[in-house]
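Spelled out, the chains give:
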Amino acid sequence: TSNDTKDSEPQTNTKAGNAASEAPGKPVTIGFSAPAADHGWIGAITANAKAQAAKFSDVTLKAVDAGKDAPAQIAALETLIASKPDAIVLLPQDGAQLTTVGKKAMDAGIIVINLDREFSDAAASFCLIKGDNYGMGVAAGHYVGEKLKGKTDAVIGEIPGIDDLQLTKDRSKGFADTLKGYGLSVKHRVAAGFTVQSGQAAAANLLQAAPKLDAVWNHDDDQGVGVLAAIQQAGRKEFFLVGGAGSRDAMDHIKSGDTVLTATVTYPPSMASSAIILARLAAQGKGMGDLVELQVPKMIVLQSETITKDNVDKYLPLGFKS
Amino acid sequence: MVKTFPGVRALDGVQLEVRAGEVHCLLGQNGAGKSTLIKVLAGVHAPDSGEIRWQGEPVSFGNPQAAMKAGIATIYQELDLVDGLSVAENMYLGHEPNAGGFVARRSMRRGAAAILERLGHPEIPAAREVGKLPAAAKQIVSMGRALSREARLLIMDEPSAVLAHDEVENLFRIVRGLTAQGIAVIYISHRLDEIREIGDRVTVLKDGRTTAANLDAKTTPNRELVSRMTGRTIEYVFPERPAARTFTEAPILRVENLTLPGRFADVSLDVHGGEIVGITGLVGSGRSEVLESIYGARRPTTGTVEMLGKKVRRGDVGAAVRAGIGMAPEERKSQALLLGEPIYRNVTLAGFARFAKGGFTDAGRERTVAEDITRSLDLRPADVRRPVRTLSGGNQQKVVVGRWLLGGTRLLLLDEPTRGVDVGARAELYQVIRRLADEGVGVLLVSSEVPEVLGLADRVLVMREGRLVHEAPAGELDEDTVLDLVMAGSLLDGADLSSNTPEGTAA
Amino acid sequence: MSTTIEPPVDVHDRPRVTAQGFWQREGSDHAKRNLALIGVLLLLLIIGMFTRPDIFLSGSGLWQNEVVVLSQASSIGVITVGMTFVIIAGGIDLSVGAILALASVWCTTVATQSYGPAVMVFAALAVGALAGLVNGVLIAYGRLVAFIATLAMMVSARGLAQNISQSHTQITNDPFIRSLASDKILGVPYIVLIFLVVTALGWVLLNRTTFGRRTVAIGGNPEASRLAGINVRLQTMLLYVLSGLCCGIAAIMVVSQTWSGSNTNGEGYELSAIAAAIIGGTLLTGGRGTIVGSLLGVLIFSQITNLFIVNGLPLDIQRVINGGIIVVAVLVQQFRVGSFPFLKRTAAK
Amino acid sequence: MSTTIEPPVDVHDRPRVTAQGFWQREGSDHAKRNLALIGVLLLLLIIGMFTRPDIFLSGSGLWQNEVVVLSQASSIGVITVGMTFVIIAGGIDLSVGAILALASVWCTTVATQSYGPAVMVFAALAVGALAGLVNGVLIAYGRLVAFIATLAMMVSARGLAQNISQSHTQITNDPFIRSLASDKILGVPYIVLIFLVVTALGWVLLNRTTFGRRTVAIGGNPEASRLAGINVRLQTMLLYVLSGLCCGIAAIMVVSQTWSGSNTNGEGYELSAIAAAIIGGTLLTGGRGTIVGSLLGVLIFSQITNLFIVNGLPLDIQRVINGGIIVVAVLVQQFRVGSFPFLKRTAAK
Ligand SMILES: Nc1ncnc2c1ncn2[C@@H]1O[C@H](COP(=O)(O)OP(=O)(O)OP(=O)(O)O)[C@@H](O)[C@H]1O
Ligand SMILES: Nc1ncnc2c1ncn2[C@@H]1O[C@H](COP(=O)(O)OP(=O)(O)OP(=O)(O)O)[C@@H](O)[C@H]1O
Ligand SMILES: [Mg+2]
Ligand SMILES: [Mg+2]
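Chains as they are written, first to last, in this note's numbering: chain A, 1 to 322; chain X, 1001 to 1507; chain R, 2001 to 2349; chain U, 3001 to 3349.
Don't read these hints as lab results, they were simulated from the structure.
Just so you know, these numbers come straight off a predicted model, no measurement behind them.
In this text, a Cβ means the ideal position worked out from N, Cα and C, and glycines have one as well.
Take the hints with a grain of salt, since some may be wrong.
[Stated by the list, open to error] Residues of chain U placed beyond 10 Å of chain A at every Cβ, according to the derived structure: (1) Ile3194; (2) Trp3259; (3) Phe3308; (4) Val3310.
[To be verified] List time: in silico DSBU-like cross-link candidates among lysine-lysine, alpha-carbon distance up to 30 Å: (5) A:Lys104 / A:Lys84; (6) A:Lys212 / R:Lys2184; (7) A:Lys169 / A:Lys151; (8) A:Lys237 / A:Lys15; (9) A:Lys169 / A:Lys309; (10) A:Lys309 / A:Lys286; (11) A:Lys84 / U:Lys3032; (12) A:Lys149 / A:Lys103; (13) A:Lys151 / A:Lys104; (14) A:Lys103 / U:Lys3032; (15) X:Lys1138 / R:Lys2184; (16) A:Lys104 / A:Lys149; (17) U:Lys3184 / A:Lys62; (18) A:Lys130 / A:Lys84; (19) U:Lys3032 / A:Lys15; (20) R:Lys2184 / A:Lys237; (21) X:Lys1333 / U:Lys3032; (22) U:Lys3032 / A:Lys104; (23) A:Lys26 / A:Lys130; (24) A:Lys298 / A:Lys255; (25) A:Lys255 / A:Lys149; (26) A:Lys26 / A:Lys68; (27) A:Lys149 / A:Lys314; (28) A:Lys84 / A:Lys62; (29) A:Lys103 / A:Lys50; (30) A:Lys309 / A:Lys84; (31) A:Lys130 / A:Lys237.
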């Protein structure tokens, strides 16, 4: 149910090691740094990383907080680098701005796994694993496009997250580009801020701007809670809503079909768990069991999958708690 | 009674005894400890030692509230009103008539109106915001506040300082009314004649000690009172005035029909170097405004101000100062002083740039210069590094005047320069002013004390309702004629200004 | 000396003191200011009519839209009422947003929810008032500068909220709580009604009670208030409790609007509330201010945001324009009341 | 008429002036405050030694760590210097963070970069000073309340920065710019040196020049300053330009630290800077403050953050503790100087 706040241990998505990686290797220390975990998705990222690390007997995790902005995270990492861990999993405040420390760490012989927000210089990381923001927009675009195919006068709304972030721009671009393919376009775009409250405010006003809607894509299921509330409060039902990221709460709604939320496109925080796994393998000089190569790949870009009523059960376990 | 502040023993063994129904006067130089004493009585400061007996039994007031409950009401030396509140609300502040926390506004207004009536100022609207009242009216209100509590003892700390002549008479009338009801009054003033007129007994403080108690207010000769206050004998007199001169060279200041609608209209006057010109008139006759306009603190609508033959830019203080004009404004706390800053920095506030080299200040020299000045003014305590806040009222006034003794000032505008200054210091100030004049500085002096103007000035201008109505060498005037001039016939000439008064008071 | 002056029948500045220029009339400056603000508000609506006639010129559309504007203004509005009191008293409260977050989280924990809506509401109010009390004690008795004390509370309260919720969004399905935002009387949502009621109470408290008048007093002249026997400390403390309480109320509103409590709620509320109060004519230096003005300030901000969104302006443009509007809104008033000495002085600050 | 003033016989109340109370001595209260702050700073280091002996007890480790602390303090520190001036003059500047962002974006546009580092630096400083000038004009001559004027600037400047950069992070590869943060003299990075130099200049400007004196004067009593012939308006305006200029310098520092300019830079700097200044003993009501105090305030905050990070405390705990430390830091001083009447009074505010 949507308000299962009872488990104080936030649920996480981890992987029990497979044959190849299971065998404990030489003990490794992995440093981990992500922006301040003060809302769902980032929260899940940190939780996953910690949980996954705990799964390995041979891994000790050193989590350092990123502070409130790029310079602060740089400082945090400089202190981390000084303590010479084997690897660092880094979700930067800002990919470009943290490139400088990525390099520093690599130069210091530390394996840097760049998580999600890409460095401006590939040489600054040993391996990049990231979600696909543009692809996310594409996925949402296709879902909306398919449903509204041919209905060229369709009114489409979009509720992005924090609008002055690069990732938001990418998502919106993917969405717009894809819709163009269907002869559709976004009519109303109101930015929120990844928080429930901003979601509610944005949606409430957007519904005023658009007396009639056919579809709305909300970039983020965290703010989605507020978005859904606003829609319900306005008593609007004539359109369908597509979510983003893939929170447990969103999936529950999709499953029960009790709201206008009919689908969500994933941007899985489980990538943090994978990042830890990659870091361990790389540090121990192993490759990925199921692949031929003896090294972990240079770059992994996760698919953005579309969760609907039909396939929701498959994804439920991956749903993170917003 | 003993009270020490960091660095000072403000009270150092004071005795005071007040009987019901009497007017007991407190005399003492600036910094003698009068205000401190009454603040202790009013429960503002806690005494370090000593006891207060109130109607027989010993009491100790932890806070002002306790004192008020006991029936002690106080008018403090510094205006203590809240600008944002109405006249009525100010009067009843802290003891508003209320029903379950809700202010009974009607009864409060009525009460306030009644008190204003009793104070002889029914024209002050009880609902008016105090912030919009002129200084004079404010003083009435803070008196009204004291009367709003039915007190057994009413303390007045230099109430007459900001009052004009007729207002003082009015004040006395009220005081007599109170004493007739058996209410005791402690009256502080630096004006001996007032004490003669209203006082029954006098207690004299000096340096925080009682030097004389319960003298008879009517009979004790000035000489004795003064010597008890100061430890020396001063005749309450003015420096020698050079025999009426005719100034050959052109006046340094020439003002031509200056007008500020609603405050004053076509004022023309000139001041020669070395001459002291006094302006007198009722409170609210616009004297301050004239000074402020000459000084550029207000922008007159028409008229010109010429300093040393050069026009001074209208409404630009900086220009005036550069032209060699200096002013000691009326309200020292709000208009003149940086209370938190040390004395010397206040003295050099208008002149520190002159001691600076290439923008870099020279604190050392500032301090030595300031020390000379404060010594010449006999400021106490003399340490120029003390914050001005800790000075007594009169001494703060000296600092304000001292600011313009740095030199370089050709014309000095003085608005109520001796307000709250003690007898001794007064005589010294008069000396200073005269000395300046003799050095060729022109002085334009505003004072509500007619004797002061007559005694000090070479030439006297009488202002009424924003107009200069009379001009004469001081020698040819005496107090009564001036008082007549100040008021008489106003009903006739009053008309011509009333035309532009309404939007004037708005300005 | 003997001057025989008959009781002052003819004191000449009397006509002057009474001469009633319009400006002189009681509170008229506030009236003027508020008029100016209403003007700004109308201007915004007119802009709306030109840019989105379909909404602003259709009766129902306008009504619906303005209901949203009001709903969006509710929580910040309630907080601004409390803030107005604090500022009038010469203080400031930077912790409002954080306290809101804390209260919203506290009242939506599983534990609290299990006791039902009544307890949830109580929890929110209690947490708010308590946090306010801490502020008040630190400032009034601990003698901390209000800015610092409330800044500290701002940081700590958010931390605590985050710690309790573990950064999760705590969803509530309680029908009563949800109904506050969704159900309406005569087309007006409950939370809007609550907002208006709180504002009205605030007005009465400020203008008609000794509490209110003393608030103005300690803001205008703390020393004089002390000499007048007012317990400045106590009064100060109570004011922060009041502000905290308002945060509690606002928290409930936000929870009912978002069906959830979160440690991210109320971010930036402190500045918005202070700005609204100041635009409404409250002096940051204390001693002056009106509830009506603050109300108008809040509505103006809320209306601006709404205008931007219905016109689909991109965020960066919004921001640039927003700054301009704030300046204009204030200049409009200054221009009307520019001739006021005290305004000039504080304007220099 | 003749005056007979016998030479003052007993030299009045000199005896009564008890031994110069230490408190009375000029600036001594500041000295005390700063001592208290240094105490707090040492305390933090000691905590570090217990929690992370490996860092804080190894000479090189400590040095390296403190260099990081100083680098982190640089940009906010420079801004705090400007802020201190503004606050001492009785004003406030909420736009510092936004101006920093704008300057950092402006000086890293492709166009600007094409002209090389000198122009980039110039651009940052010019943009900062100009934005400050706008603030200053609005406040000094437009008579806007500083809070509102700078709030408006805060919103607009960020919007403009976003508009220029289109929310992209603008990377710079200029070796000179990068070197500022990376290269060191005697192990001290350039930006730290710049920070310390700016602070020193600030100290001289405030304490040894007429500019500084005027600043203190208009903060202490604008009316009196005006009547003393000081051009209050001009001075006020210049102060905001100064603050803006500091933002420009800080922008260069951030760019060199992050190799890029971004519209998200400097978020929340306004509150941090104000807090640092106040903790450093600057009166929010104006008229008093020291650069040294502000410097210490900044270092304390920077050191706290560093302690949290090296101990890997989670954010929520950090926040809770942070609030506590702020309160303690101030209480420590108040306790030392509690005997100051004016402090008491302003504390009530
Ligand atoms: N708050 C304070 N802190 C330190 N010293 C003070 C304080 N208040 C007064 N003093 C000192 O106490 C002494 C007495 O001051 P007080 O105001 O009582 O003098 P006064 O008799 O009222 O003088 P005046 O006639 O000028 O008002 C003065 O030396 C003054 O400097
Ligand atoms: N803030 C104000 N609002 C309205 N009227 C004022 C204000 N200040 C002064 N006035 C009016 O301006 C006129 C001149 O006032 P002012 O007190 O300066 O005269 P004055 O002769 O200098 O009296 P004083 O001796 O008290 O200085 C008076 O009529 C007064 O009522
Ligand atoms: Mg006194
Ligand atoms: Mg006057």
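Hint check against the structure, violated hint numbers in rising order:
2, 3, 4, 8, 10, 11, 12, 13, 14, 15, 16, 19, 22, 24, 26, 30, 31
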